[in-house]
Amino acid sequence: MSEKQTILIIEDERTISNFISRALAANDYRAIPAYTGKEGLSLFFSHGPDLVLLDLGLPDMDGLEILSQLRGLPREAPVIIISARDRESEKVRALDMGADDYVVKPFGVSELLARIRSALRRADRLKLSQGIQRSIYQIKDLTIDLAKHQVLLGEQEIHFTQNEFKIIELLAIHAGKVLTYDFILEHIWGPYGGTGSNQILRVNMANIRRKLKENPSEPKYIHTELGIGYRMLDD
Amino acid sequence: MSQRFTALYHRLDAQFHRIPAIPRNIGVMALFLCAAYWASSILITHTGGENNSALVFVLAVVFISLLTSGYFYGIAASIIGTLCINIYFMEPYAAFSLSRPGYPVALLSMVAISCVVCALTARVKKQATEAVRREKKAKALYEQNEKLNAEKAAIQLQSERISIRENILRAVSHDLRTPLTSISGAVSVLLESPDVSPKNLAMLADIKQDADGLIVMVENLLSVTRVQDGTIPLKKREEMLEEVAGDALLTTRRRFPDYPIELDLSEDILYLPMAPLLVKQVIVNLLENAIRHSGDREHIVLRLYRQDDWAVAEVRDRGRGLSPEVCQAVAAGQPMPRSLSGDATRGMGIGLSVCQNIIKAHGGFFTAKNRPGGGAVFRFGLPTEGEKL
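Keeping their order, the protein sequence lines are chains A and B.
Just so you know, the working numbering puts 120 at position 120 of the first sequence, and the rest follows in order with no gaps.
Just so you know, the working numbering puts 198 at position 198 of the second sequence, and the rest follows in order with no gaps.
Just so you know, these hints were derived from the structure itself, not from any lab.
Careful, some of the hints might be misleading.
[Claimed, not checked] Cut-off 16 Å, straight-line C-alpha distance, at most; resulting in silico cross-link-like pairs (EDC-like, lysine to aspartate or glutamate):
#1 B/235 with A/88
#2 B/236 with A/88
#3 A/166 with A/186
#4 A/148 with A/182
#5 B/208 with B/192
#6 B/235 with B/166
#7 A/213 with B/166
#8 A/38 with A/65
#9 A/211 with B/268
#10 A/213 with B/262
#11 A/166 with A/182
#12 A/213 with B/264
#13 B/369 with B/325
#14 A/166 with A/145
#15 A/213 with A/155
#16 A/4 with A/28
#17 A/211 with B/267
#18 A/213 with B/267
Let the sequences and hints guide you as you build the complete structure.
Here is the structure:
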């Protein structure tokens with residue numbers, strides 16, 4: 001790409017914002033720091049960044065409020081949430097409101113860069129496909145054929161139950177994005193299907209992992225976001 | 001002044017009521033009747049009339065019915081009094097006679113008046129005791145109310161204390177994590193940068209290692225303050241143990257990329273209530289202990305399995321094993337020996353104490369043993385209560 005991709009960092013802690021900026025610059029991105037929510041919103045309008053890093057704990061505005069304003073705009077950019085470790089419900093809310101991903105303080109640079117790359121790739125894909133659904137998804141040696149209702153691991157076909165396949169399909173369509181338990185439950189079992197417990201989903205996922213021979217400590221296809229949901233890896 | 005009188009009255013009253021009821025009542029009756037007789041005999045020498053004595057005796061009857069219990073003594077006193085007047089203070093003296101015209105009417109009316117007075121005083125007395133009883137009841141209610149208020153205040157104070165603590169924890173965790181994140185982050189940017197000399201690079205790597213160590217230490221301290229005295233209830237929810245363990249392994253691997261740690265999963269699905277971040281921390285601590293203290297690089301295994309009603313996780317290695325002091329302290333559920341919190345082991349003691357506390361708060365068990373073929377094994381089990389699988 002000839003032009004550098006622009007990333008808006010809305011983070012009030014200058015030390016954190018600084019090192020993120022440096023890391024982004026070193027990796028060929030253009031970083032724009034904003035230290036308050038208002039500044040962040042106005043810089044978003046003036047620069048039209050390709051991605052937004054958003055801290056949920058800003059002094060002047062609720063991070064979720066900023067998120068909902070960004071989501072209401074015609075120009076969409078993926079948003080990655082930066083949040084404290086023990087605020088899971090906040091993260092889940094942000095993801096359900098349309099954030100793409102999150103990192104938890106304390107996070108490492110390599111982890112952050114990986115998430116940024118993944119979110120940008122996903123945004124590119126969405127732009128290219130222009131809303132047309134693909135029917136075949138390829139993740140490493142895993143082939144998911146939505147039309148044929150078939151999953152191949154290498155050359156070998158793996159048989160899944162109806163619900164297991166639906167989960168894989170949903171994750172594949174949103175590959176790279178963290179899907180919360182509630183999001184998956186609602187899409188597979190309907191708005192009232194998963195009320196109360198997400199045990200069905202978790203057990204289905206455990207079975208999928210066993211069929212794919214996934215090791216939860218070295219996930220190749222499906223990454224577990226502890227206490228939040230799942231994400232299909234896209235590279 | 002009046003208070004002293006009231007006090008005196010109450011003391012006398014108490015003394016008075018210590019005498020048994022029947023002799024007390026008879027005594028009161030005799031005393032007042034004698035007093036009335038004595039007063040009347042003095043009066044009769046001065047006035048010579050007979051009407052005064054009747055009034056004196058009515059007064060005596062009033063006192064008697066006030067100071068005795070029930071109607072009986074008052075009525076008895078009025079009859080005795082009437083007879084007394086008839087015999088001693090009316091002509092003919094020292095003899096009972098109904099010969100005077102109109103006398104029977106006077107006699108009957110005297111008895112009637114005495115009875116009415118007696119009944120009235122009894123009623124007043126009953127009302128008085130009722131009032132005292134009510135007052136006592138009101139006082140008891142008031143005291144109970146006070147007690148409830150005190151309890152309520154104590155509960156409020158406790159919950160305030162918890163919320164203050166939560167707030168402090170949140171502030172501390174934010175204020176410690178934020179700078180540590182930026183130190184560790186900034187150093188990793190520098191480590192990647194081309195214009196750092198190799199000599200400085202080694203120092204930067206040390207800074208990075210220490211910052212990451214501090215991050216772990218802060219997590220441990222925060223967890224232990226959270227769990228320690230049980231004032232803050234655990235935020236438990238149903239969680240897959242294999243997902244928690246997987247996450248713990250990912251975290252450990254990020255810090256120690258050169259150590260191959262094997263994950264041995266059971267076919268059983270272990271889905272149980274827990275505070276996932278805390279359990280993750282236990283596993284991370286155990287893995288780090290194995291990496292740093294066992295001296296073994298190749299055989300560290302994290303294994304999950306079900307044993308009766310327990311979901312068990314164990315971390316084993318083929319390293320140098322545990323000293324008897326450590327085994328003993330873990331078995332007794334005591335803090336680690338002081339020698340372990342020294343420089344050389346870099347807080348192994350704290351890590352294990354955190355593990356013990358967290359597992360204890362979950363109602364689980366925690367053991368540390370040496371393996372037969374050499375090496376150590378740490379095991380913890382969480383109760384799979386209420387599991388419906």
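Hints, verified against the model:
Distance hint between residue 235 of chain B and residue 88 of chain A is fulfilled; the C-alpha atoms sit about 12 Å from each other, no more than 16 Å. At roughly 13 Å between alpha-carbon atoms, residue 236 of chain B and residue 88 of chain A fall within 16 Å of each other, so this suggested pair holds. Restraint check for residue 166 of chain A and residue 186 of chain A: satisfied, since their Cα atoms lie roughly 12 Å apart, inside the 16 Å limit. A C-alpha spacing of about 27 Å is found between residue 148 of chain A and residue 182 of chain A, which places the hinted pair above 16 Å, so the restraint is violated.
Between the alpha carbons of residue 208 of chain B and residue 192 of chain B the distance comes to roughly 12 Å, so the proposed pair stays at or under 16 Å and holds. In summary, the hint linking residue 235 of chain B to residue 166 of chain B is supported, as the alpha carbons are separated by about 13 Å, within the 16 Å threshold. Between residue 213 of chain A and residue 166 of chain B, the direct Cα distance comes to roughly 41 Å. Violation of the 16 Å bound is thereby established for this hinted pair. The suggested pairing of residue 38 of chain A with residue 65 of chain A holds, with an alpha-carbon distance near 11 Å, which does not exceed 16 Å.
Pair hint residue 211 of chain A plus residue 268 of chain B holds up; C-alpha atoms about 14 Å apart against a cutoff of 16 Å. The suggested pairing of residue 213 of chain A with residue 262 of chain B holds, with an alpha-carbon distance near 15 Å, which does not exceed 16 Å. Simply put, residue 166 of chain A and residue 182 of chain A have alpha-carbon atoms about 15 Å apart, close enough for the 16 Å limit, and the pair holds. Distance hint between residue 213 of chain A and residue 264 of chain B is fulfilled; the C-alpha atoms sit about 12 Å from each other, no more than 16 Å.
Proximity of residue 369 of chain B to residue 325 of chain B is assessed by CA-CA distance (about 11 Å); at most 16 Å being required, the pair is judged to hold. Proposed proximity of residue 166 of chain A and residue 145 of chain A is supported: the alpha carbons are some 12 Å apart, at most 16 Å. For the hint pairing residue 213 of chain A with residue 155 of chain A, the CA-to-CA distance comes to about 15 Å; that is within 16 Å, so the pair holds. For the given pair, residue 4 of chain A sits about 7 Å from residue 28 of chain A by alpha-carbon distance, which is consistent with the 16 Å threshold.
Straight-line distance between C-alpha atoms of residue 211 of chain A and residue 267 of chain B comes to about 12 Å, which keeps the hinted pair within the 16 Å bound. Note on residue 213 of chain A and residue 267 of chain B: the hinted pairing holds, with a Cα-Cα distance of about 12 Å set against a maximum of 16 Å.
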